[in-house]
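Visitor: If you want the building blocks of each chain, they are given just below.
Number of protein chains: 6
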Amino acid sequence: MGNNIYDNQKSIQELKAGDKIDAFVLVKSYDVKKTTAGKLYVDLNLVDRTGEINAKIWENPKASEEILVENSIVKVRGEILEWGGALQLKVNKIRALLENENIQISQLVPSAPIEPNEMLKEVKDFADKIKDIQIRTLVNNILEKYNNKLLFYPAAKKNHHSYRGGLLYHVLRMLKTGEMISMIYGSLNTDYIFAGVILHDICKVLEMDSDDFGVVSDYTMEGKLLGHIIQGVKEIEIEGEKIGLDREKSIVLQHMILSHHYEPEYGSPKKPMTIESEVLHYLDIIDARMFDFENVLKGVEEGRFSDRVWVLDNRSVYKPIDNNIK
Amino acid sequence: MGNNIYDNQKSIQELKAGDKIDAFVLVKSYDVKKTTAGKLYVDLNLVDRTGEINAKIWENPKASEEILVENSIVKVRGEILEWGGALQLKVNKIRALLENENIQISQLVPSAPIEPNEMLKEVKDFADKIKDIQIRTLVNNILEKYNNKLLFYPAAKKNHHSYRGGLLYHVLRMLKTGEMISMIYGSLNTDYIFAGVILHDICKVLEMDSDDFGVVSDYTMEGKLLGHIIQGVKEIEIEGEKIGLDREKSIVLQHMILSHHYEPEYGSPKKPMTIESEVLHYLDIIDARMFDFENVLKGVEEGRFSDRVWVLDNRSVYKPIDNNIK
Amino acid sequence: MGNNIYDNQKSIQELKAGDKIDAFVLVKSYDVKKTTAGKLYVDLNLVDRTGEINAKIWENPKASEEILVENSIVKVRGEILEWGGALQLKVNKIRALLENENIQISQLVPSAPIEPNEMLKEVKDFADKIKDIQIRTLVNNILEKYNNKLLFYPAAKKNHHSYRGGLLYHVLRMLKTGEMISMIYGSLNTDYIFAGVILHDICKVLEMDSDDFGVVSDYTMEGKLLGHIIQGVKEIEIEGEKIGLDREKSIVLQHMILSHHYEPEYGSPKKPMTIESEVLHYLDIIDARMFDFENVLKGVEEGRFSDRVWVLDNRSVYKPIDNNIK
Amino acid sequence: MGNNIYDNQKSIQELKAGDKIDAFVLVKSYDVKKTTAGKLYVDLNLVDRTGEINAKIWENPKASEEILVENSIVKVRGEILEWGGALQLKVNKIRALLENENIQISQLVPSAPIEPNEMLKEVKDFADKIKDIQIRTLVNNILEKYNNKLLFYPAAKKNHHSYRGGLLYHVLRMLKTGEMISMIYGSLNTDYIFAGVILHDICKVLEMDSDDFGVVSDYTMEGKLLGHIIQGVKEIEIEGEKIGLDREKSIVLQHMILSHHYEPEYGSPKKPMTIESEVLHYLDIIDARMFDFENVLKGVEEGRFSDRVWVLDNRSVYKPIDNNIK
Amino acid sequence: MGNNIYDNQKSIQELKAGDKIDAFVLVKSYDVKKTTAGKLYVDLNLVDRTGEINAKIWENPKASEEILVENSIVKVRGEILEWGGALQLKVNKIRALLENENIQISQLVPSAPIEPNEMLKEVKDFADKIKDIQIRTLVNNILEKYNNKLLFYPAAKKNHHSYRGGLLYHVLRMLKTGEMISMIYGSLNTDYIFAGVILHDICKVLEMDSDDFGVVSDYTMEGKLLGHIIQGVKEIEIEGEKIGLDREKSIVLQHMILSHHYEPEYGSPKKPMTIESEVLHYLDIIDARMFDFENVLKGVEEGRFSDRVWVLDNRSVYKPIDNNIK
Amino acid sequence: MGNNIYDNQKSIQELKAGDKIDAFVLVKSYDVKKTTAGKLYVDLNLVDRTGEINAKIWENPKASEEILVENSIVKVRGEILEWGGALQLKVNKIRALLENENIQISQLVPSAPIEPNEMLKEVKDFADKIKDIQIRTLVNNILEKYNNKLLFYPAAKKNHHSYRGGLLYHVLRMLKTGEMISMIYGSLNTDYIFAGVILHDICKVLEMDSDDFGVVSDYTMEGKLLGHIIQGVKEIEIEGEKIGLDREKSIVLQHMILSHHYEPEYGSPKKPMTIESEVLHYLDIIDARMFDFENVLKGVEEGRFSDRVWVLDNRSVYKPIDNNIK
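Protein chains in written order, with my numbering: chain E, 22 to 347; chain F, 22 to 347; chain D, 22 to 347; chain L, 22 to 347; chain P, 22 to 347; chain A, 22 to 347.
Only chain E is shown next, with the shape it has when bound in the complex (with noise of 0.2 Å):
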């Protein structure tokens, strides 16, 4: 990733009650408050790669304002403080970016490891190993249609893979790992299991709105409504018509993507009736998992535990000792 910023500041995630800090980051967004005493204040939410923290700047609050931008750089000087139980950065001082300070919006926003264009051409690469001509046309042409979105889109609004280009870095993964379990059961059609799995959340693009930096708003009226995975059926039965795809072919990928949260009350009212449908569920599921275990051991000493993990069902993980996560 090269040499960014955090080799001279501490990042957010870092962050004790007590320190003093003096850092770059990004304002996600803020407002001018007043206390119940009648004083003004601003309220921020700022970030980095690796947090988020709420901050307050209780003198001169117009003067602050004026300098604030949301999705821009400031610096900042201050000191971390606990209220109720959560931190608070006291800020003293504040300002915008100098011309000559080279800092990229990208090294403060939570992004994948692989640069978005990379991920990009090694999935359309992917669909290329497709053998059947319409399976791989249906696959080239729905990328090609959401190639821009791809680039950006996290995978999620919250949870696993919620930052920018986590959609294509959930499905890379989800390829290498479909494509070695192909070689040890044969049985499985890799058409089926590369085009499973290039479609099996694109329509999240449709399901929710992402800004530029991964960060997902809201979901839309239709993903509300119907949701990713009803829109993605709709998505290859329209599609499919439009390349003359098999009837056939085009609903066993429909089910494939209806099929692969697996239970009714994960949104899969069909259980998968195809053995490559059955496989999507399970690469989709460890992807999931590995990230979010990952992402929790980052921040735990070997030999210790996390915290309870709400998404990993409240549980507490366990690092052991001299394991390979760095």
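Calculated from the structure, these hints are not laboratory results.
Be aware that one or more of the hints could be misleading.
As the list makes no split between identical chains, a pair holds if one copy fits it or if it spans any two.
Straight-line Cα separation of at most 30 Å, DSSO-like style, residue types lysine-lysine; simulated pairs [said to hold, decoys possible]:
hint	residue 1	residue 2
1	Lys37	Lys178
2	Lys37	Lys245
3	Lys83	Lys60
4	Lys319	Lys178
5	Lys54	Lys291
Note that the structure is a prediction, hence the values are computed from the model and not measured.
Knowing the structure of chain E, use the given hints to seat chains F, D, L, P and A on it.
Guide: Just chains F, D, L, P and A now, with coordinates in the frame of chain E:
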């Protein structure tokens, strides 16, 4: 329904061990088999409007086989035995229908109590009450498209309304109740109520294979892998596109179809999020339950309980004294 | 509803942080408290027809306390702050109602949209439609017995119909729907439908303690240990005995009350076993859901989603464009 | 129980395919039937204290029929066959009991191990230990009212204590355990413990129809529509009213009956809310489970597992070596 | 319990907003913190036998800090405020215990009502009643091994018996009940009952880290990854091997430990399959529930309901009038 | 697998009613029984690699009985009947294997597709890839200990891999997938992956009694009372102690075994808390599901659905056209 053969013969539902019968019935299926001892015999399944019974022809099986044709009417004479806990007809005599015996297949096939064309007309009258021209056009186009099948499709393979014309009958009673409920709950939009009711199950004509007698042999490939709810959602998407239906209306209608089973484990990945989709679910379930109760109570005397009924969660139901079910 | 004070003042439901208000409200409760710093202040809860807001009087708490009486009307002036995510009224001025200010408490208390005496008359008209003289007598006797309480009892402590007259309003709408459904499903015995609806929740008057404003302070001892369903079963047993009600009819009615919540986990140890008890459940749930949907959708713009609604299983509900809810 | 016929004959429970028997048994039911081949035969169900077996009389069915009377004792000779996985007795000879054969029906009917009158006396002794005169009177009145039925009623149609006198035996063992537990947990009020135990199942005499042998033919109409829990609640309400029982005590007792199955899905709409109702549940379940375990383990050798037992959640249970069950 | 400091001071459980106190308490933990405004203060948690309260020292925090030692006794003077819905003690004066103030820590630490050494002796007496020499040796060896920890370990981190000596107290009451129940149900083998009860929770001393006051700071690494049930199974396997315990007895005992939580979701992968393991479960749950009920009801007046109690499935429990809980 | 007898005879799986057969099969069990009419006959169960069929010998049962030996090979001639919905072989001729008929039992016993010794060698090669010497020693010692049993044990009594060598085959495929997944998810420690996979089910050799053909007659006493998961945990504890395995590593491995069924109701009282135990679960379930799908799809034509498959949650599965399963 006029004067029919039931005036002169015992119905299958009424038969008891020891009865002698001499009746017209429909041959649903037959097969020549061999006993463990090596003796040939004919194994048949016979139906009338009220039910089905297994029968055996022990004498001259070859001769009998010659006159047997599936879905044809025969006259049988014989006696009812109990074998392994079930009733069985021992056939003593069997012959084909004579030319002068004026009996229609429809008299022997379980059917809805209203004539199909009349029901379809009533349904179309409701469609015409839809005030929004786009939605009305959509509904009429889809009704037109499946016109033929609607005239005989049942509403299910087993359980409620699983007889000839059952789908239309189910829709029609829901429309009437929907119209009345909308008078009491003025916030309901009857356009969505009528459209939702008419379209909610319409893709059962794609999900199941039914013969002209309303007997479903099996689910279709797409029916099994996707199901009539998902098929219905796609139907509205595609037919809506064709007529330029406003996207918002299309999604609202698709959501009604998607959510009408209410619970994920019954096939709806989204719960109702509009007031009309909430009501649609109750219209559906009330009509199904009324059908099942009426169907069971027909055979129960006042002041008595029925046997346990699988489709009613295995309940045994009670018929109060002097109530109105004839 | 006539000309009322809402013509001239913002309702509590409409308030936003920053608003200045000058309005008549009802004092629900108040208390004099001390800050950590030792300063006295008055903490109040104020209501109008549309909702409730917490308020603080920081200046002259002792003086204010003198004019405060629970369930009295006051006029307040102040401004709306946001504190800890919730709105709070900072009271600048407060005074009792003047003699010449012609405002009724009923104008400030959330109530059913129909006048209680009118509702009770309509319910009694339905009772009179019961053809069986024994059942009619039973229903009239019980209505008579709880006549006074029925005029103001809500249908619940929280959730659906939890306002003045809510119980009668709930029963009335169910009666109307029940009458209509009985036209479509001719096998229903309206005697049991009308009696069941009128009696199904009537022991809520024994289960809860409500004041004259329809506000439930708590459940009664018997309410907590037995509940209105069991209380209702006993009511019919005992009142039935008094008038020589046929045992069969009494048990059928008791069963309707017992089973009307349908599922054991919602309080019904028996599922409905008669067709009228099956319908009673759906009349009940439809009216509750319509109430909740209408209640939520009132505050939602067309084409928008509500917040998540706890009583609707935490659903966020959608109001389609151009629908009929005003 | 003294010297009985089991000293001289194999019990039904011990029979194996291939055995020849010559034994006194009770005729539970019989029927003359016809084979598919048209041959008449007698189909009987025979019982002794240990179980039941199906039997067939192939020769001279008409003659046999003449001596058969339900609930009479006969002597049969025959051999045990295995047919369709079940044992069947092929009867070679059958005759009525001779005058000089001094065998009582009670010797052949499954019964509680203590004589009914003795059990009833012991239960009444516990009732007399109730210190509160109102509660003691209530309990004694209800015992008196159902005195006759209690002498033979089983505790269930199937499962635990489903034999003659089973209800009293169940209550008696619970009373003894309840008394002991109250010594350890001093906060328990034995008045409520004794009254609760005696009354908890007493309306099973209203819920089920039992013959004098403790065999339940069916549930009653009120039993099916309400159930013994609800019937028991009403019993206390009504009998309590008659003697002027304090309302608080009446409701506390009604709550004990109502909650003693603990979970809604087992028939208790309220969970126990008093310490005595909590204990009542455990007294009940312990006695039922001890009965089931002892019943199953009787037939199991040390160091072996039983077959799966439906009433014990389909568990196969193990009898350790050298344990105390004889 | 003799004459103790509660004779002269209000217990923490009794405190109400507005109270002034002057009392001996134990310092559980303390910390020096800074307000948003930058002011230092001391934040403390204080306990006595009855509960815990948060306290603040606003004046001279530095001076106070010097006399504070965790787990030491202090005397505090101050007043009780309500802050954010919780009680808080504003400390006006605090000092260490004086030499002549003869107060024991045990007087301030929540503990079982019987002296630990006495309880341990009683438990060992039960162990000596085990007739099988191998099982008796096993039980005595394990008791010996954990002798020291047993004298202070609680039975849980939170919930039932979570106080000093709670584990022994729990075991002792279960032994007494077990002995009595075995008198009624003669098929129970008291060897397994006594051994099973003594060993069922004994590995809680390995699962949790408790200080000498019976306060559990956390679960151990092995406790989290395996749990006391699995640890207990291994304990018997290994200690059994050492003394040549018959394999059959060892497995039967291991099964008792493994199955005593009854349901998989509570930690038992096998349900009880022996009669003694079935009973062990009920001894365990009865003692836990009696503890919880008694604990809650202590603070409730006759004829009143408690608040909702989380550990009792969120029930609110009722204390009947004139019952025996003092 | 070379040239085998299936080249010359129809396999049991392929049989249909009406077929005549003349084939070598293995006698799994046999019994002489009597018809209701008193006639003796032989009832046999015959197997080959593909399945099992019930057979009857009606003629000369005594003579046939003399040549029958369990687990011996016989040649049978006869015809296939359908009886009660199941296929049955009516044996016309049966004889023992002739000396010159060179057929091995292994040719008739369902087995894993790889030779056991070869599988065991491959598994040991994976064990040797474990870098940590303690863990490697542990794994090798346990493999050595159960070496003999591993060569023929199935992975289950019924369901997936329930054939000769099934346990090793299951482990081997999981090892291969585990190795590949570890390339993609670099944070996985292959030492734990390999050790966890090899040990996860190894105590099935203690849980079940299998004969040399991989047919499990029953579970062992310890298997029923504890189960292979708990047995596996103890195995690591004890074998780890012997070689001085670090306690942390031992517990981490024990936790992997304990948690690998993931859900309590499937036998894991703890959910995975390390990343390797999380993955172990998915390796296990993927291999089981691939086995089941491949097993079912073998018998299904392209473009068709299978019957419902109990072990796949009663799903009917679909085989797409032109896929790779031969």
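Visitor: Would you mind marking each hint as holding or not holding in the structure?
Guide: Hint check:
1. Lys37 x Lys178: both (27 Å within a copy, 28 Å between copies)
2. Lys37 x Lys245: between (38 Å within a copy, 27 Å between copies)
3. Lys83 x Lys60: both (12 Å within a copy, 25 Å between copies)
4. Lys319 x Lys178: Both. Shortest intra-copy (21 Å) and inter-copy (29 Å) distances satisfy the 30 Å Cα cut-off.
5. Lys54 x Lys291: neither (50 Å within a copy, 38 Å between copies)
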